[in-house]
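Those letters in the sequence shown? Residues 36 to 395, by the working numbering.
Simulated from the structure, these hints should not be mistaken for lab results. Be careful, since some hints might not be right.
Using 20 angstroms as the maximum straight-line C-alpha spacing, the simulated SDA-like pairs for lysine to any residue come out as follows [what the hints assert, rightly or not]:
#, residue 1, residue 2
1, K152, Q108
2, K136, G162
3, K136, T107
4, K136, R94
5, K90, V143
6, K131, S144
7, K90, G162
8, K136, T114
9, K131, A104
10, K152, D97
11, K90, S144
12, K152, T114
13, K152, T110
14, K152, P105
15, K136, W155
16, K152, A88
17, K152, R94
18, K152, T107
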Amino acid sequence: MADLWSGRLRAHLRLWGDYRRTFGANRLAVAGVVLLAIFLAMLLAHPIIMATAWKGQARIYDPMIGHDAPVTQLTVVDTVTDPLTEIGLFDAQLTKGPFTKVGDVIEVSRQPAPPSKAHWLGTDPLGRDVLSMLLAGARPTFVVGLVAAITTALVGVLYASVQAVMRGRIDGFMSRLSDMLLLFPAPLVMIVLGAGTFGDLLSPFRFGLIYGFLAGASTTAIVLRSHALTVMGRQFVDAARVAGANRYHLMVRHVVPHLIPLAAVSMLTAVVGAVVANGFASYLAFGNDMVNWGAMIFIGVDLLEALAPTAWTVLLSGSVAISLFCASFYLISLGVRDIAHPRRRVVRANHPAEVPAGEV
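Start from the sequences, fold in the hints, and give me the full structure.
Here you go:
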């Protein structure tokens, strides 16, 4: 018995070693892991920084209620040649009063403020530190992405497994339901819900959960069902039936394990859709979850409309963060795809150079 268990352990270790080499051979997938690690560090860094470097300065660096408007001295002139040290007479009179005249030196609070030593990414129109908002926005993004990924995989695997094992009317009903859900794409539905009346009720967890159910029961279930049907037609399933295996045994022992690699790819791509949808919903509604990257994009665009000079610090921080976060999961999915494909896995494990990392 001991030899049997040790043999199984060695076989599993060799298999996971092949998985690791397959994944590592795809440089894009490794880059995705590095990107994701950076965002995870951002998630962990914010509470640590608030408790250490920014300790006792919550009124300045709190991402929700913080406020800091640096004061700049400007000279009133008729024609502005240096916006950093001068201000036009008309603007000065609007700011300080009608009795302001050329040559006066006035103090103007810059809000939003450009990057400085105190605020590396500047401040937003409410005087909040952009870096603090960027770090705090990692938490709701991770919650939305991970909940959507896990829900998508669980719903998709369960849905497809039941269809493949039960067949008949149950399979037909569930297939029609999946087809109906295709008419309501999960990203579009969540953007409408998040930007509409129900926006205040959609916490990051609920947002990811609803997205996962919609995506898992539609596109993911359809893809996994086709693979599950091929599994049900293989000889080892027929042998299990002859041996007396019931439907539950076939689903748990034979169908589900074969769907997990494809489900892993689906759950990683679901993160992209969920995070982008959440960002758009926050951008359109400026919802109750104010500290997120979508809301930062809203602030940046609003600044551009007002022709504020520091709009790009807020806009780029949110948009680049969403883009790179989604890119990290997409790149990781490329490596998981290689693992899910048996031929690519064998070739990559033995001759990594023969299959380019970006080849489909």
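- Could you tell me which of the numbered hints above are not met by this structure, giving the numbers in increasing order? Violated hints (numbers, rising): 2, 4, 5, 11, 12, 13 and 15; every other hint is consistent with the structure.
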